[in-house]
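A.B. asks: Protein chains in written order, with the working numbering: chain C, 1 to 668; chain R, 1001 to 1100.
The set of hints was computed from the structure by calculation and includes no laboratory data. Think of the CB as a built atom: it goes at the ideal place given N, C-alpha and C, for glycine as much as any other residue. A portion of the hints provided could be inaccurate.
Unchecked claim - Reference listing, derived: stretches of chain R covered by chain C, where coverage requires no fewer than 3 residues with Cβ under 8 angstroms from a Cβ of chain C:
| no. | stretch |
| --- | --- |
| 1 | 1034 to 1047 |
| 2 | 1055 to 1061 |
As the list claims (entries may be wrong) - Restricting the straight-line Cα-Cα distance to at most 30 angstroms, the calculated cross-link-like pairs of lysine-lysine (DSSO-like) are:
| no. | chain 1 | residue 1 | chain 2 | residue 2 |
| --- | --- | --- | --- | --- |
| 3 | C | K633 | R | K1026 |
| 4 | C | K377 | R | K1026 |
| 5 | C | K117 | C | K306 |
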Amino acid sequence: MPDIFQGHELLLALTVLLIPLVSFVIMTLMKGRSERTLGSIATTLSGITFLIALILSLNLIIGDNVYQQIQWFALGAELTFNVGVFLDELTGVMLTVVTFIAFMVHLFSKNYMSGDKEYGRYFGLLGLFTFSMLGIVIADNLLLLFIFWELVGFSSYLLIGFWYEKPSAIKASKKAFIVNRIGDLGFVIAIMIFWTEYGTVDFSILHQVGYRDSFWVGVAGLGLLGGVMGKSAQFPLQVWLPDAMEGPTPVSALIHAATMVAAGIFLLARVFVLLSPQVLDVITVIGAITAFMGAIAAIRQYDIKKVLAFSTISQLGYMVMGIGVGATGGAVFHLVTHAFFKACLFLSAGAVIHWMHQQDNHKTNDQDMRSMGGLRKYLPIVFVTFLISAMSLAGLPLMSGFLSKDAILTGVYQWTLDHSHYGFVAILVMTLAFGSVLLTGYYMTRQVILVFVGEVRSKLSNESKRLPMGMTIPLILLATGATWLLFSTNPMDPTSSWLMTLFSSDFEQAIPHNIHSMVFKIALILSLLGIGLSYMKFRKYVETKSSVGLTSIVNQISTNNWYLDKIYDVTFVNAMLKLSSFARMMEVHLIDRIVNYIGIFQVILSRVIGWSDRHVVDGIVHLTTSAVYGVGKIAKSAQGDNAQRYIMTALISIIFIAGGLAFYFFKY
Amino acid sequence: MIPIEHFLILAGFLFLIGFVIVITKKNAIMVLIGIELMLNGANLNLISFSASDPNIGGQMFALFVILIAAAEAAVALAIILNVYKYYRTSNVDEINQIKP
């Protein structure tokens, strides 16, 4: 099938890239149209994008990679800058995932956002968001990638703050934007260093040259890591992600699954060959810490979306850790599987919120799990999809998450064995990685029980079981993607997955098979342990009481997300506020005053100039005109309207002439 | 015999008085009267010189002037009458435009 498209990859890639942008433009132009029209157009375009991306991906995976460039601009004779597309297997997989999730989100949003007064703007922004992410995926150099990277940040800012009349949404969108900027500073520095060291930022050349052992390349790697910390919510910049829940729920699905946080992992996979071993070690530690902190923070949340947000942070930590230890295949694999089950979880949560919202029960928050419970009786399909995705996230067998997490954990285990000379750090990384497995099982079970099991803890006014088809279809499709079916022939062996054969690094291929089987047993036991503990604790719902001792400390830490926000408030935010108030004082008392004096001086000067203009320059002009006027008046009066004066003049003239003549004649 | 200078002085006076009337009086009829005085001054002058002239060309000329003056007075009075009808005034200062 893909043969007929052979050789047209560039065209296909550009089509995939531009259709979402077209969707954005159409949505912006057709603002006032009906929801039906807008939703159908956006969803159709999104579906077409997915189909083309699928064809392109098959081409790329089966066929060759494509690098095509055109000259963007030239500085002088030798320095030219090219832009183009860099299409390899990674691009292919990412294109499919991004467009598929975007399609599902469009489909789901058609019903979910129904009734919102800015329906068109919402779909337009979805298009812009997808466009930016696709740009990142097909960009062929770091600078172009950075441009789209910033676009992703910007469009996520717009979407998180979509309900801009809510102050908390505005705050969250600003927070996401600013935290991302901090990370992007590192990215910019990295681009500059690569330009200096390699003379180019093109991936095709950078990949050929590969890693170069120099101090500055190491710094550049850390800079890239900074960008990834911002975009993929790694410690210590993960604080924006939980707040980003203020956006509409399908947007959260898009951000968490496909478009935004995936960008960081994608970047790491792209530039993997350029990262020095030291940087990779830093990445590993950061990833492990993030995975653990996210998991801990997730265990005591009561907002249905916050649990998922923290679990995303935790899973992103896994992926970053996977890159760090060298298991790029595992990381990409987990990125893909995570996209499916996290999108499914978020959309299921969206369905739950949607249903809770219909109950006209405004006593409690629609997203508070304490007011839910027993929903499996009312939303059976959502329960099933949520359960499958949760199992996948917890890493139970037959699920895609099991395969991919196993691949990463195997890498981590092997890395720990290889780096046993690090001592404490190596053990810490492994402990955190495997501890997070237990916690993942724990918090997901807790969430499933709180939401779906037991009795409903709020008054229901509408017990309808029906969900719109547009909502259930994406859920079912995504839940299918959360099982092993799409990814592997053998549900127990990650190495049999086609994604692993495509992407696994030499490091991963060298891992002996017995480690695989051992790691998967450990992970499974830990996961089941977490599930069991959670089941014991939450089987019967009890209103939480303040407990004492270790549990209370953990609870406090979890509820407050390690007090990171407070720490940042006390340190950076306060310092910045102080600095800015100082700057403001300087501004008001020094600069403004100088400006004022300059202004006053100008006014005085202009008064003087104005006076001289009025009285000197104008005076000369007036004098000239009045002189001319006077002369004209005199000249006019000689032949004017007054006959008597006319006669008088004539007489005087005659007297003068006669006198003159007489004088002339009688003189002699 | 009265010397000719006396006549000439009287004629000059008459002419001057007429002239002053012409340039000072605002009423058009008074201006006309001034013109008559000037004509008579000129006539007197003609006749004075004619007295010592064997031909009577000067006297003949004076008769012509009187005749023309009579015709002129008639025409001028008619004009003044029409102007007065049109402008409702005979003040020469106010009659300063030709257009209707």
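A.B. asks: Does K1026/R lie within 30 angstroms of K377/C when you go C-alpha to C-alpha?
C.D. replies: violated, 120 angstroms
A.B. asks: Closer than 8 angstroms Cβ to Cβ for three or more residues is the test here. Does the stretch 1055 to 1061 of chain R pass it with chain C?
C.D. replies: violated (count 0)
A.B. asks: If you look at each residue in the stretch 1034 to 1047 of chain R, do at least three have a Cβ nearer than 8 angstroms to any Cβ of chain C?
C.D. replies: Our answer is that it is violated, as 0 residues pass the Cβ test (under 8 angstroms) against chain C, missing three.
A.B. asks: Run the distance test for K633/C versus K1026/R: straight-line Cα separation, threshold 30 angstroms.
C.D. replies: The hint holds at about 23 angstroms.
A.B. asks: Does the structure keep K117/C and K306/C at a Cα separation of 30 angstroms or less?
C.D. replies: With a Cα-Cα distance of about 26 angstroms, the restraint between K117/C and K306/C holds, given a limit of 30 angstroms.
This entry does not satisfy hints 1, 2 and 4, going by the numbered hints stated previously.
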